[in-house]
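Novice: One letter stands for each residue in the lines below.
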Amino acid sequence: MYKIVRKKELNSSVTLMDIEAPFVAKKAKAGQFIIFRVDEMGERVPLTIAGYDREAGTVTIIFQKVGFSTNALGALNEGDYIRDFVGPLGKPTPVEGKKKVCVVGGGVGCAIALPSARGFKEAGAEVTVIVGFRNKDIVILEEEFKEVADHFIMMTDDGSYGRHGLVTQPLQELLEQGEQFDEVLAIGPVPMMKFVCKTTEPFGVHTSVSLNPIMIDGTGMCGGCRVTVGGETKFACVDGPEFDGHKVDFAELMSRNGTYREREAEVNNTHTCRIESMGKALIQ
Amino acid sequence: MANMTLTKTPMPEQDPKVRARNFKEVTLGYTPEMAIEEANRCLGCKNPKCVEGCPVNVRIPEFIKKVQEGDFKAAYEIIASTNALPALSGRVCPQETQCECKCVRGIKGEPVAIGRLERFVADWYLENVNEIPKKVEPNGVKVAVVGSGPAGLTCASDLAKMGYQVTIFEALHTAGGVLVYGIPEFRLPKAIVANEVTKLEAQGVEVMTNMVIGRVLTIDELFEMGYKAVFVGSGAGLPMFMNIPGEALKGVMSANEYLTRTNLMKAYTEEADTPVIQSKAVAVVGGGNVAMDAARCAMRLGAENVYIVYRRGEAEMPARLEEQHHAKEEGIQFKTLCNPVEILGDETGRVCGIKCIRMELGEPDASGRRRPIAIPGSEFVLDVDTVIMSLGTSPNPLIRSTTPGLDTNRKGCLIVDENEMTTREGVFAGGDAVTGAATVILAMGAGKKGAAAIHEFLQK
Ligand SMILES: Cc1cc2nc3c(=O)[nH]c(=O)nc-3n(C[C@H](O)[C@H](O)[C@H](O)COP(=O)(O)OP(=O)(O)OC[C@H]3O[C@@H](n4cnc5c(N)ncnc54)[C@H](O)[C@@H]3O)c2cc1C
Ligand SMILES: Cc1cc2nc3c(=O)[nH]c(=O)nc-3n(C[C@H](O)[C@H](O)[C@H](O)COP(=O)(O)OP(=O)(O)OC[C@H]3O[C@@H](n4cnc5c(N)ncnc54)[C@H](O)[C@@H]3O)c2cc1C
Ligand code: SF4
Ligand code: FES
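Going down the list, the sequences are from chains E and R.
First residue of the first sequence? That's 1 in my numbering, and the numbers climb one at a time after it.
First residue of the second sequence? That's 1 in my numbering, and the numbers climb one at a time after it.
Everything labelled a hint here was simulated from the structure, so no lab data went into it.
Small disclaimer: the values here were computed from a predicted structure and weren't measured.
Be aware that one or more of the hints could be misleading.
[As the list claims (entries may be wrong)] Under the rule of at most 30 Å between Cα atoms (straight-line distance), these lysine-lysine pairs were calculated in the DSBU-like manner:
1. R:Lys-142 - R:Lys-190
2. E:Lys-91 - R:Lys-266
3. R:Lys-24 - R:Lys-335
4. E:Lys-29 - R:Lys-142
[Said to hold, decoys possible] Simulated restraints, written as ranges between beta carbons of each label pair:
5. R:Glu-379 - E:Glu-179: 52 to 58 Å
6. R:Pro-12 - E:Pro-189: 54 to 60 Å
7. R:Lys-280 - E:Pro-202: 42 to 48 Å
8. E:Lys-29 - R:Met-208: 19 to 25 Å
9. R:Ala-194 - E:Arg-263: 26 to 32 Å
10. E:Thr-233 - R:Asn-47: 34 to 40 Å
11. E:Asn-11 - R:Asp-15: 55 to 61 Å
12. E:Thr-233 - R:Glu-270: 49 to 55 Å
13. E:Arg-54 - R:Pro-397: 24 to 30 Å
Glycine included, C-beta positions come from ideal geometry on N, C-alpha and C.
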């Protein structure tokens with residue numbers, strides 16, 4: 001069992017938690033992820049490691065409540081326990097040896113991008129951060145990014161905060177101005193990552209993306225997380241989750257992520273009662 | 001008086017129509033009377049060939065003699081002296097190519113039902129005795145076991161009996177390896193595996209789940225933590241695909257994924273959160289035990305048509321005979337001498353068919369089996385909405401890629417010497433991680449051998 005030692009709502013649908021998991025905390029690196037299971041009947045759900053405290057033995061996760069399992073986790077409180085928490089899984093972001101890096105985050109993807117941005121900074125790179133959100137109300141981690149970024153650009157889709165527009169706009173401008181990035185790292189919704197790759201491709205800038213296919217074991221055993229990169233089948237949980245964005249088949253990823261969509265929608269409508277009963281059981 | 005009936009005493013089983021829609025165990029096991037009746041078919045050969053056929057040389061005629069006498073406890077003790085997991089081997093061993101194929105009664109009629117008797121004895125013991133082993137005086141020496149399949153469980157148990165302080169590191173959230181994530185409940189009840197784990201814990205073995213070695217700790221770090229030897233029983237869990245067009249469509253998955261969702265994640269129950277695809281028609285590609293298990297799960301999850309698509313003939317199928325037989329009884333349709341060439345998808349990216357080509361058998365290949373050759377122009381389409389790939393598995397590269405000096409062969413299997421020691425001093429290995437996908441009994445045997453070798457190594 002793994003204890004929730006801190007819980008903080010970052011906005012109406014995004015929650016931060018620190019989980020006591022000393023083995024994971026000791027080894028975690030930027031870009032890696034964990035898999036949690038709320039209880040015995042729970043599914044295995046991957047979340048990126050958003051931070052860690054090696055001394056306290058805690059790992060930070062930041063997640064958006066999008067469906068059954070993330071809502072079930074979000075319904076728990078400080079002091080509660082979850083059944084399983086395994087990690088660190090996947091390969092870390094290769095942060096070493098880069099002079100100039102641009103980290104692009106979209107929505108909750110910013111939580112995934114933050115530790116990598118910090119990693120690049122600590123490894124001596126000059127870091128530009130571009131983050132994008134739908135509107136002002138759901139902006140997260142602004143202060144944290146400002147701390148690690150040499151240049152910080154905030155975008156909102158509706159212009160309610162920062163600049164009006166999509167993250168690809170300032171990226172395009174910077175590249176056109178002749179900015180020489182060794183690396184662009186894009187993390188967010190699949191369409192956003194796809195368009196970032198489209199933007200950087202003509203400039204020949206190496207662009208990494210962090211993929212989020214449906215996973216189960218996270219150890220390379222099921223092949224459910226397979227993605228096509230440069231025409232080859234890769235298992236995102238062990239070969240990734242970061243890949244060369246110019247080679248990723250995004251259309252395939254988007255399609256495969258919808259495999260269980262009907263069932264997920266049904267579960268979200270009918271099974272809210274299980275979350276409620278779990279909540280009640282915890283209160284008792 | 002020997003029972004000279006030519007056929008095995010039948011074992012009661014659930015009616016095929018009923019069991020094809022539930023996950024309860026298919027075969028129900030012998031009663032004591034049936035067991036004695038079957039045991040009486042054994043002639044007690046002076047030079048028993050069956051013992052040679054068994055990979056761990058169970059003293060078969062001796063235990064069967066005890067069954068004849070009705071002394072089931074003594075029978076159990078004889079089996080347990082060489083086989084740590086008889087409740088499992090009795091159920092899942094391919095007896096027809098091991099012990100039973102050597103039985104002289106099989107020359108004219110059916111061999112003695114050694115597997116069924118072994119299962120009976122083990123189940124009887126579990127129900128009536130189930131002695132929880134006592135913790136022996138610890139010798140203070142720590143040994144790490146990676147993986148909790150039959151190899152790891154057996155190795156840990158034998159080491160604990162010698163006083164070693166053993167920790168099992170398991171990557172998944174439940175111990176048991178393929179026995180819990182792969183082989184379904186209707187063939188191997190999970191309670192049997194759980195009982196083995198409980199017994200281990202009673203012996204003082206620490207079972208740490210959620211520990212992916214190579215990521216959370218490396219083998220080298222285990223040594224730094226004070227473990228004096230490491231046994232790697234990490235299996236062969238990496239699934240293969242065919243690399244044919246359409247494999248990325250929604251509805252195509254490995255048997256490992258399908259079985260893990262169904263068994264480990266309990267998707268067959270209403271309460272489980274993990275979804276499993278709801279199929280009407282399923283093609284399972286492959287002819288091994290794994291393929292049979294996937295096909296039979298699909299039937300139980302409500303599919304109307306389930307096909308086994310296998311490129312060789314039925315005689316070449318590697319699955320246990322009993323599984324093939326049970327699968328057919330349950331209505332699984334065998335499409336042998338057929339090989340998929342393409343998976344077809346609809347406009348939403350879901351599977352809507354599988355295009356296969358008919359095959360004929362040519363000359364024997366390196367494996368000794370006749371090589372399948374495609375018949376040009378014989379393509380046809382099976383209407384299915386789900387395709388499950390069951391083409392075999394190989395060892396996961398995670399441990400070898402994070403442990404310097406650990407050598408593997410071309411197939412990624414760990415190389416060991418005659419003492420089960422890998423190319424790294426103090427690191428031993430056994431089971432599927434060494435042999436590639438094999439059997440429960442071989443993994444069990446390797447675990448036993450590994451424990452003895454570790455003991456000898458640590459005496460020096
Ligand atoms: C490597 C990786 C890192 C991730 N990091 C984060 C993170 O830091 N923060 C965050 O909010 N989200 C992250 N995700 C996404 C997160 O795993 C999904 O949002 C979560 O699984 C949704 O589960 P649910 O039951 O709440 O929703 P559901 O209603 O079940 O599913 C909603 C959508 O989430 C996806 N999904 C469902 N089950 C899984 C699964 N087992 N594995 C992966 N995706 C699934 C599907 O595309 C689905 O359509 C990450 C995913 C991956 C693969
Ligand atoms: C569906 C199916 C049906 C089968 N049917 C039969 C049958 O009827 N008869 C028969 O004899 N055999 C059968 N087999 C084969 C048999 O199950 C295997 O040969 C046997 O389980 C191998 O045992 P093992 O201990 O070597 O490995 P496994 O049982 O594979 O166990 C390995 C364990 O190690 C863990 N692990 C892997 N990597 C790591 C890591 N890095 N760190 C920590 N832990 C790790 C895995 O999670 C797993 O739990 C079947 C296999 C499958 C998949
Ligand atoms: S362990 Fe397997 S091969 Fe050996 S006697 Fe038992 S059933 Fe036969
Ligand atoms: S999640 Fe199963 S192989 Fe990647």
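Novice: In ascending order, which of the hints set out earlier in this document are inconsistent with the structure?
Specialist: Failing hints, ascending: 10 and 12.
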